[in-house]
Amino acid sequence: MKNLFLASASLWEREVIRFLRQPSRVIGALVPPILFWFFIGSGLGKSPFQTFSPEENYMQYLFPGTILMIVLFTSIFSTISIIEDRKDGFLQSVIISPIPRSSIVLGKILGGATLAFFEALTFLLLAPLLKIHLSWNSLFIALLLLSLISIGLTGMGFILAWQMDSTQGFHSVMNLFLMPLWFLSGALFPLESASPWLRLLMILDPLTYSVAGLRTAFYSQSLYSSGNFPSLTLCLFSSFIFCLFTFTLSLLVCKRKT
Amino acid sequence: MIRIQSLSYQYPHASSNKKMALENVSFNVEKNTIFGLLGPNGGGKTTLFKILTTFFLPTSGSVEIFGLDIFKKMSEVRKKIGVIFQNPSLDKKLSVKENLTHQGHLYGLSGLELKERILLLLLQGGLLERANERIETLSGGMQRRVDILKGMIHNPSLLLMDEPTFGLDPAARIALWEILKKLKQNGTTIVCTTHLMEEAEKCDCLAILNEGKLVALNSPSNLKKEIGGDVIAIETNNATSLKEELKKKFNLQTMLLDEQTLHIEKEKGVELITELIQTFGEKIISISLSKPSLEDVFIHKTGHKFHTNSR
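Top to bottom, those sequences are chains A and B. For the first sequence, this note's numbering assigns the number 1 to the initial residue and increments by one for each residue that follows. For the second sequence, this note's numbering assigns the number 1001 to the initial residue and increments by one for each residue that follows.
Because the hints were derived from the structure by calculation, they are not lab data. Computed from a predicted structure; not experimentally measured. Think of the CB as a built atom: it goes at the ideal place given N, C-alpha and C, for glycine as much as any other residue. Treat each hint with caution, since some may be false.
Stated by the list, open to error - Label pairs and their computed distance ranges (CB to CB):
(1) B/1133 with A/134: 27 to 33 Å
(2) B/1072 with A/35: 53 to 59 Å
(3) B/1074 with A/134: 26 to 32 Å
(4) A/89 with B/1235: 21 to 27 Å
What the hints assert, rightly or not - 25 Å max Cα-Cα, derived DSS-like pairs, lysine-lysine:
(5) B/1072 with B/1115
(6) A/2 with B/1097
(7) B/1305 with A/87
(8) A/2 with B/1079
(9) B/1225 with A/2
(10) B/1072 with A/87
(11) A/255 with B/1072
(12) A/255 with B/1115
(13) B/1225 with B/1305
What the hints assert, rightly or not - With the Cβ distance kept under 10 Å, some of the chain B side facing chain A (calculated, not the full set):
(14) 1077
(15) 1081
(16) 1088
(17) 1091
(18) 1093
(19) 1103
(20) 1105
(21) 1147
(22) 1188
Start from the sequences, fold in the hints, and give me the full structure.
Here you go:
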């Protein structure tokens, strides 16, 4: 057991060190979503969607979705290193070491999730500029959700990257599969304004609950008001299930392929 | 130290009529030796290496290392073997010391014990002054040295190496063999794959693999003795007709290596070579006489040349 955690901690530490030593990665995951948020948000000005309060502007509306985008970019891109590690030969030496596969999964996912969490946290520092005043309670909820999404999305990246041999292939999957998940998460438009078929897709999208949860934490007058769909409890529960699901699947996938 | 019995391997996605990557290979590796797995590309040596390192499960057969079945006691075996792959398995963004520390953690080492072990290895490998430099700033030879230290972090008594001198310049190759000899002196058994004859010569014992089969097993000198006498190689424009003429006139057994090359194994080759030149002088482009080399051993055992891709 001690060895499992020692190995996981070591793999986790490696992820963090590698990330910090590549400034392009630190900036690459953070700046594009911020620019996207800033330009689109400023361009549209007043929000066409009145979800919480009539004076809400679109920058405010986009804020939770942008956080999700930062997490998505950081966590998913951190798992590309699995493909590179396999090519470089680094992964071979980890696979034939006496550690259980679960410590590879644990170290790698927690490593990526840590990076995603802190990148998103950096962006969250802009919240006061948007007149988002977080109570301790709502900050706690936001951070909890952030942790769950970071682990869940890194897990998803792990499942894809572990089975792939080329980074180009990974990028295609990212565009084909992961970006639509973000588009449909309620990051750009709310559930209520979508047509019925789109709404169905959005309800099935696990990221919808992450964005909705963050939105509630940031803007709702009352965290547990009964009127909102999805409710905060449902958001937390869904995000937790998503996180558990991708983690378990990562373990299974990792055991299958060398 | 290692017992390999009736080992076979077929790649999972290979069609059923495709040859096996390894076919019924059996041999033992004695303690405290440098054991070479020699073979041309595609001969099966890397497949065997991957099975020994527990990376692949064999289709059939068994392997014991330190008396442990490596597939039933995989975790225990993994703790005791050091593995060095063809391409350095280092993280280029980390320093020498960080790479070694990380590897130590994978093998359950930590704290003072690990620090002391790393210090000792860095001293032995002559890398103490480069300890804090990132791998990407080191030369290929130095990276290889770090890779070996990495494989030695848990002080294994068996070191498995795939093409240990891959990508190294001649000076770095010589230095690497010096390291291997030192390791052997300190009691480590080394098994390495190679497709280079000059490297194979340096091994205490060789297993020659061709098309997945074990074709020879002995020390390099004994293998060469098996041929006996000298080796004559003739280059000619039409090797097939010359082969027939040699058979008629001298009752000579020759081997046709390709359309232009004949291979003859014969005692007192000097006498024969003079006669050959006198009789077939015009047909011969070049003729050479030599003591048997490992290449000749390979030809003797398989009937064809040892094809190697240049590095």
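Here's how the hints hold up against the structure:
no., hint, result
1, B/1133 with A/134: 27 to 33 Å, "violated (44 Å)"
2, B/1072 with A/35: 53 to 59 Å, "holds (56 Å)"
3, B/1074 with A/134: 26 to 32 Å, "violated (50 Å)"
4, A/89 with B/1235: 21 to 27 Å, "violated (41 Å)"
5, B/1072 with B/1115, "violated (32 Å)"
6, A/2 with B/1097, "holds (22 Å)"
7, B/1305 with A/87, "violated (32 Å)"
8, A/2 with B/1079, "holds (15 Å)"
9, B/1225 with A/2, "violated (54 Å)"
10, B/1072 with A/87, "violated (28 Å)"
11, A/255 with B/1072, "holds (16 Å)"
12, A/255 with B/1115, "violated (32 Å)"
13, B/1225 with B/1305, "holds (19 Å)"
14, 1077, "holds (9 Å)"
15, 1081, "holds (8 Å)"
16, 1088, "holds (7 Å)"
17, 1091, "holds (6 Å)"
18, 1093, "holds (5 Å)"
19, 1103, "holds (7 Å)"
20, 1105, "holds (4 Å)"
21, 1147, "holds (9 Å)"
22, 1188, "violated (18 Å)"
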